[in-house]
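Just so you know, the protein sequences line up as chains A and B, in that order. Heads up: the first sequence runs through residues 63 to 482, numbered per our numbering. Heads up: the second sequence runs through residues 4 to 241, numbered per our numbering.
A few of these clues could be false.
No farther apart than 20 Å at their CA atoms in a straight line, the calculated lysine to aspartate or glutamate pairs in the EDC-like style are these [said to hold, decoys possible]: (1) A/LYS471 x B/GLU95; (2) B/LYS49 x B/ASP157; (3) A/LYS471 x B/ASP25; (4) A/LYS293 x A/ASP203; (5) A/LYS293 x A/GLU269; (6) A/LYS291 x A/GLU224; (7) B/LYS18 x B/GLU226; (8) A/LYS74 x B/GLU226; (9) B/LYS87 x B/ASP157.
Take a look, some chain B residues computed to stay more than 10 Å from chain A by CB distance [said to hold, decoys possible]: (10) GLY47; (11) THR61; (12) ALA73; (13) GLU125; (14) ASN127; (15) THR144; (16) ARG175; (17) ALA241.
These are computed hints drawn from the structure, not numbers from a lab. Glycine included, every Cβ here is placed at the ideal spot set by N, Cα and C.
Residues per chain, in single letters:
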Amino acid sequence: MILPRLAYHSLKNRKFTTILTITSIAISVALLLGVEKTRLGARDSFNNTISQTDLIIGARSGPIQLLLYAVFHMGDATNNISYQSYLHYKNDPRVEWTIPYSLGDSHRGFRVVATSEEFYQHYHYRQDHGLVLAQGKAASDVFDVVLGADVAKQLHYQLGQEVVLSHGVSDGGGLEHSDKPFHVVGILDKTATPIDRSLYITLEGMEAIHIDWQSGAPPLPGHETPVEKIKKENIKVEQITAFLLRTKSRIQAIYLEREVDTYEGEPLLAIIPGVALSQLWQGISYAEDGLRLITVFVVLSGFLGMLIALYTSLNERRREMAILRAVGAGPRKILFLLVLESTFLTLSGIITGTGLVYLLLSVGQPIIERQFGLYLPIKPLSMTEWIYLSATFGGGTLIGLVPAWKAFKNALADGLTIRV
Amino acid sequence: MPMKPSHSNGGTDPKNVVEIRDLVFRYGQDIPVLDIQSLDIKKGEKVFIYGPSGSGKTTLLGLLAGVLAAKEGSIRLLGKDLVKMTAHERDEFRGNHMGYIFQMFNLIPYLSVLDNITLSCELNRTRKGRIPNGELKKSATSIAQELGIAEYLDKTITQLSVGQQQRVAVARAILGSPEIIIADEPTSALDYDHREKFLKLLFLECRKTQATVLFVSHDRQLEPLFDRCISLKEINRA
């Protein structure tokens with residue numbers, strides 16, 4: 063095994079260019095893997111925005127629209143559904159739990175979600191992460207509000223703070239429910255999902271702020287029902303916007319989905335969140351391909367660096383090659399030596415680059431999650447990543463054939479005497 | 004110089020280590036640069052080949068070492084005809100049966116002195132096989148001791164003087180006891196005193212392994228130290 067040793071010592075002898083070459087390959091590999099891991103992380107984060115929910119049910123509209131308003135709290139529902147329909151499914155023996163949502167109001171650009179205590183108990187994201195109250199308690203009284211982590215942070219709200227909700231979802235300038243202010247009773251922990259960007263009140267709270275409204279218009283000044291007179295027991299929830307549903311066994315979700323779609327009480331739509339999420343993702347994931355294309359070019363430029371480093375070294379190594387030939391190394395062994403060198407460089411680059419990705423990931427994971435709401439799991443290399451690395455390895459070895467072939471020709475032409 | 008024309012039709016004498024017959028070599032389709040009717044060198048002989056520049060010295064060395072391929076005639080080394088071998092076989096033959104010493108820059112710059120000495124054996128299994136298993140380093144060390152370079156074995160070659168480097172080259176050339184030592188002006192970088200000392204060491208080592216020495220030079224000063232002198236100009240008819 064003298065040739066690998068020769069290759070190793072030869073590279074070691076050119077320490078500076080060797081380190082530079084390995085670094086440039088390592089950086090391109092790190093970028094390649096980093097982009098892939100970010101892509102997967104983004105997709106996973108996206109697909110795991112909501113978990114443990116089997117069906118999302120709302121008024122009949124498009125599945126993406128339902129997904130957008132129910133999960134991402136974006137856009138508007140065309141219609142509400144009756145509380146009656148909600149109770150129908152809530153009390154179905156196959157159903158484990160439901161989370162009702164009533165949407166439509168906002169506070170300084172953040173959506174207000176009216177829900178029940180089931181939300182705090184059952185809502186899950188990223189497989190098994192439940193909601194945790196960083197401070198305070200869940201909203202239970204009519205004028206209680208719980209803040210998502212981003213809301214609290216951006217608006218610098220504390221527990222006990224008075225919050226006035228706006229009618230509709232425009233940022234300011236709309237009609238304000240200033241007659242019925244809410245009080246912050248809790249702040250949720252960061253989830254890196256849309257949950258962080260909303261405020262949560264009770265269903266009764268939502269009814270209460272609209273109690274005197276008539277056909278979409280606020281009550282005339284002086285005609286508001288005073289806050290003291292509003293009691294939770296007296297409020298009857300008539301409508302909600304959508305609800306999340308968990309069945310006792312997954313197989314029933316499919317039957318239930320069909321049942322909901324043909325529900326006779328009113329036109330409803332049920333979607334399976336995972337399916338709808340990946341549909342939505344596919345629609346917005348074209349940017350991935352562009353990103354991947356760029357990384358391929360970065361890897362190529364890393365190889366180009368190696369090609370230059372090896373190729374330019376060949377001329378000053380002709381003496382060395384002549385000595386190797388004199389002690390019996392044929393041109394084929396010279397070729398093999400150079401291939402070994404490029405293989406060694408590529409492999410070192412790949413290992414360093416992969417190590418770099420995991421190092422950065424372990425250091426940067428919490429920072430990335432905090433800053434970008436992007437959770438990048440530290441997982442072993444996926445099949446795709448192995449394929450990328452193998453392709454990089456193959457490419458590096460292949461490109462290494464260029465200087466190797468040149469060395470082979472040199473060795474044949476020079477023999478033992480170097481004509482320079 | 005008369006060459007024993009009686010052997011001119013290819014009969015092999017087992018005492019001959021080198022036997023060249025009707026060798027004609029040309030680069031491409033050009034006129035021949037080398038045309039030797041006959042050249043015999045016996046086992047253990049120390050031969051001085053005098054070759055001024057332009058006499059075909061480089062070509063002859065290339066052919067003997069098997070780096071150049073001749074198409075006409077025969078070059079029998081140890082009874083095997085290089086002309087009939089493939090390039091790969093010639094490389095192997097050179098590695099296993101020849102020690103080659105260059106004029107200068109004999110050593111791989113990134114290997115230690117010891118690794119440079121053992122390189123010839125590491126690259127050639129047959130040659131390594133002549134040394135008892137596991138004793139490669141020991142043999143190299145004892146040769147280095149005889150050549151006075153034992154203390155440099157772990158050094159890098161840049162720490163050696165030219166004379167020391169040439170002695171390392173001798174150590175590499177004779178390790179594994181190849182039958183033929185080819186030296187291409189190995190003393191030209193040394194001053195006269197060192198040349199003689201160098202040659203004596205070379206001969207001493209070669210006597211131990213009964214190697215045949217082909218010493219090529221354009222400087223006739225050293226000629227008296229050899230058993231025989233061949234003038235390339237006289238035997239080359241091209």
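Okay, the hints, checked on the actual structure:
no.: 1; hint: A/LYS471 x B/GLU95; result: holds, 19 Å
no.: 2; hint: B/LYS49 x B/ASP157; result: violated, 32 Å
no.: 3; hint: A/LYS471 x B/ASP25; result: violated, 30 Å
no.: 4; hint: A/LYS293 x A/ASP203; result: holds, 9 Å
no.: 5; hint: A/LYS293 x A/GLU269; result: holds, 11 Å
no.: 6; hint: A/LYS291 x A/GLU224; result: holds, 19 Å
no.: 7; hint: B/LYS18 x B/GLU226; result: violated, 23 Å
no.: 8; hint: A/LYS74 x B/GLU226; result: violated, 43 Å
no.: 9; hint: B/LYS87 x B/ASP157; result: violated, 41 Å
no.: 10; hint: GLY47; result: holds, 22 Å
no.: 11; hint: THR61; result: violated, 6 Å
no.: 12; hint: ALA73; result: holds, 13 Å
no.: 13; hint: GLU125; result: violated, 4 Å
no.: 14; hint: ASN127; result: violated, 5 Å
no.: 15; hint: THR144; result: holds, 19 Å
no.: 16; hint: ARG175; result: violated, 7 Å
no.: 17; hint: ALA241; result: holds, 18 Å
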